[in-house]
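Number of protein chains: 2
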Amino acid sequence: MREAWVIGAASTRYGKLAESAREAATRVGLAALDDAGVEPRAVGHTFVANCFGLTERQGHLGPLVNQGLGIPEVPSVSVESACSSSSAALHEAYVHVAGGFADVALVVGAERLSHLDTLTATGYFAFAADSAFEARNGATFPGLYATLADAYRAAYRTTPEMFGSIAVKNHANAARNPHAHFQREISMATYLASPTVAAPLRLYDCCPFSDGAAAVVLAAREAVPRPAREPLVVRASVRSGAPTALQDRPDLLGIPSTRRAAETAFRRAHLEPRDIGFAEVHDCFTIAEVLALEDLGFFPRGTAARESLEGTTARDGRLPINPSGGLKAKGHPVSATGVGQVVEIFEQANGRATGREVPRTDYALAHNVGATGGSCSVHIFARR
Amino acid sequence: MREAWVIGAASTRYGKLAESAREAATRVGLAALDDAGVEPRAVGHTFVANCFGLTERQGHLGPLVNQGLGIPEVPSVSVESACSSSSAALHEAYVHVAGGFADVALVVGAERLSHLDTLTATGYFAFAADSAFEARNGATFPGLYATLADAYRAAYRTTPEMFGSIAVKNHANAARNPHAHFQREISMATYLASPTVAAPLRLYDCCPFSDGAAAVVLAAREAVPRPAREPLVVRASVRSGAPTALQDRPDLLGIPSTRRAAETAFRRAHLEPRDIGFAEVHDCFTIAEVLALEDLGFFPRGTAARESLEGTTARDGRLPINPSGGLKAKGHPVSATGVGQVVEIFEQANGRATGREVPRTDYALAHNVGATGGSCSVHIFARR
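From first to last, the protein sequence lines are chains A and B.
So the number in my numbering is just where the residue sits in the first sequence, counting from 1, plus 825.
So the number in my numbering is just where the residue sits in the second sequence, counting from 1, plus 825.
Extracted from the complex, chain A is given alone in its bound form:
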């Protein structure tokens, strides 16, 4: 097994793209290669994540991206795993690089949704849940995550301010991130006054629909003896699954795929949760950040929402979470989200996260969930 490094990264600003997913994917792919100081012709394989291309009338995105990079002969594949599509693409790239099948791989995630109205987009999103048993009965993701939030609230007697503190923190971080969709802070009062979307979720518990694209370059250590940037060493790249429908889970107080992926990832990395300096976790709703922090092993069950209110996960806290702003405020361009988390970790490690720096970048974790946890990816990165 070869050591794999992230050696370059790039992202669009999240929000509304004037270009197609194809164009954005090509643009960030070129930018990531440029950042890595790697010529496109050195790339052995590309991995493209894009969920809703059919709504843009364009599937089969890989060869088009490669053509834009000037390497049409290079194999490419599109990878889908709902909201964890690009972390799944990163995992495939990792397997190719670590297994010796490619020396350099490019991973691109791109999504454009702003051409759809919100109801249509919500409907498309729901196809990532168990359509037969959830979506057809009226469940959309705000409703499904509200069910999780309600179970948590009932079990642990949380207050709205605990969830609100996550929204306030992630907006504060996003305000310092030029890639972020929402570059403004919100107050607790604004959070508390925001309308209910699906009880107990308020508007500011929910991430936005975003357009966006992000890319990273992965390479075998021996292929890039002198990387242009401070590389991230991939210490673990792990995926796991769980029953897609909430009705098929033993309990609603955690995401079983996150727990399994995290256990395996820490074991493979020979690390423990307390070793991690900061993490980007999947906070499509504030309850998702709470569950992630407990499932990943950072906090005991039933305590993460309280820790958030106490500032433990703020940028200057003991364990900064989502310094990028997270899905909640940086935004959630579905297929770009997972690789976008790695862009943030790369920028922090390279001293490029100006104004939102975290103190410790020695070890970082990225956690990306598909749907309500039918799929999950956990990546652990280390500085050299």
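Calculated from the structure, these hints are not laboratory results.
Do not take every clue at face value.
Treat identical chains as interchangeable: a pair holds within one or across any two.
Restricting the straight-line Cα-Cα distance to at most 25 Å, the calculated cross-link-like pairs of lysine to any residue (SDA-like) are [as the list claims (entries may be wrong)]: (1) 841 with 1060; (2) 841 with 1048; (3) 841 with 925; (4) 841 with 1009; (5) 841 with 957; (6) 841 with 958; (7) 841 with 879; (8) 841 with 1134; (9) 841 with 961; (10) 841 with 1209; (11) 841 with 1125; (12) 841 with 1102; (13) 841 with 856; (14) 841 with 1089; (15) 841 with 859.
Chain A is already provided as a structure; the job is to place chain B on it using the hints.
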């Protein structure tokens, strides 16, 4: 690099599924594992190919299939590469197994299109071409392959009977294949009398839209010391790309991605085209079979259509091509097609292709194209 074996296979009949792609994928997945004599819990990763799930209101198919198999905790990923989606999924599975990341992997391709009318389906297919430069200007796949056929006809002065001989042969093979969509022979007179779809392509030059699902089980040799069936040893699993739009190709007398993938595959397998006993090639249109046979190195340029008319590629000819009936007559359930080709090779090797046996099953090749060749997969298999 570990040796990887195909140790089990299963397929629905192609044509019209009464069930969803999810249900069909689960059913053939279970059947392939049963065929291999492998318990689902032995599977380390599943790979699912499905292009048009959004039209069935279901994406994120992997966890649903795994749940149906009773292994919801196992990671899964969906892979898309247009009409080569499931051979791309097989390649990912190969990389995982050969690289030591999984001992046993399940590859499933499934597609349901019969709920769409033909014009809508043709439109969705066209999204796999270069939408911006081809589909938006009115090009659909019959038109694009007609362009290739016209170039070939002009360069080599072929007769309609040469192309017709491919349709007649593939229908004759499909008539002996219980998995086939069209289980009846056609005559040359029927071919010649069939209406023009896109000149010079007649109706019987074109494959149908089919529903269907197919699955194979891939395993590391050391994981299955005593396989239940005669395994196929994967001697090469290679993918390549090319500019998606025909306008961006240097010439139209071949598919550059096929040529590159084939050259690499033969080199890795330490074999030459003349070693191959039979092949399943991508004949979405009769011209596609002609180009494939030349690009794969089986026949010199400009001769494959003539060889077909002379019977060289018939089941009792020197090099049987598409004994299954091919996309042309077995059918083309987009994301099931590539892995379905491997099902045929497995059945031939296991003496289960009753009534359509080919003489030599020592080495076989599977060739699967995405769109007009933006992507291509070539797999070479050997008996133990």
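Hints, one by one, checked against the model:
Taking CA atoms no more than 25 Å apart as the test, residue 841 paired with residue 1060 passes in neither setting, with 34 Å inside one copy and 46 Å between copies. Taking the closest pair of Cα atoms, residue 841 and residue 1048 never come within 25 Å of each other, the shortest separation being 36 Å inside a single copy and 49 Å across copies. Taking the shortest alpha-carbon separations for residue 841 and residue 925, neither the intra-copy value of 38 Å nor the inter-copy value of 41 Å comes in at or below 25 Å. For the identical chains of this complex, residue 841 and residue 1009 are intra-copy neighbours only, at 16 Å inside a copy versus 53 Å across copies, given an alpha-carbon limit of 25 Å.
Proximity of residue 841 to residue 957 under the C-alpha cut-off of 25 Å is restricted to the inter-copy arrangement: shortest distance 20 Å between copies versus 31 Å within a copy. Proximity of residue 841 and residue 958 under a CA criterion of 25 Å is satisfied inter-copy only: 24 Å between copies versus 32 Å inside one chain copy. Within a single copy, residue 841 and residue 879 get their C-alpha atoms as close as 18 Å, and across copies as close as 23 Å, so both meet the 25 Å cut-off. With identical chains, the CA atoms of residue 841 and residue 1134 are never at most 25 Å apart, being 31 Å at best within one copy and 56 Å at best between copies.
For the identical chains of this complex, residue 841 and residue 961 are inter-copy neighbours only, at 23 Å across copies versus 29 Å inside a copy, given an alpha-carbon limit of 25 Å. Within a single copy, residue 841 and residue 1209 get their C-alpha atoms no closer than 36 Å, and across copies no closer than 55 Å, so neither meets the 25 Å cut-off. When the C-alpha separation of residue 841 and residue 1125 is checked against a cutoff of 25 Å, the pair qualifies neither within a copy, at 38 Å, nor between copies, at 51 Å. For the identical chains of this complex, residue 841 and residue 1102 are neighbours neither inside a copy (31 Å) nor across copies (54 Å), given an alpha-carbon limit of 25 Å.
When the C-alpha separation of residue 841 and residue 856 is checked against a cutoff of 25 Å, the pair qualifies only within one copy, where the shortest distance is 19 Å, while the shortest distance between copies is 45 Å. In this assembly of identical chains, the alpha carbons of residue 841 and residue 1089 never lie at most 25 Å apart, being 37 Å within a copy and 42 Å across copies at closest. When the C-alpha separation of residue 841 and residue 859 is checked against a cutoff of 25 Å, the pair qualifies only within one copy, where the shortest distance is 24 Å, while the shortest distance between copies is 48 Å.
Hints 1, 2, 3, 8, 10, 11, 12 and 14 from the list above are not met by this structure, while the remaining hints are.
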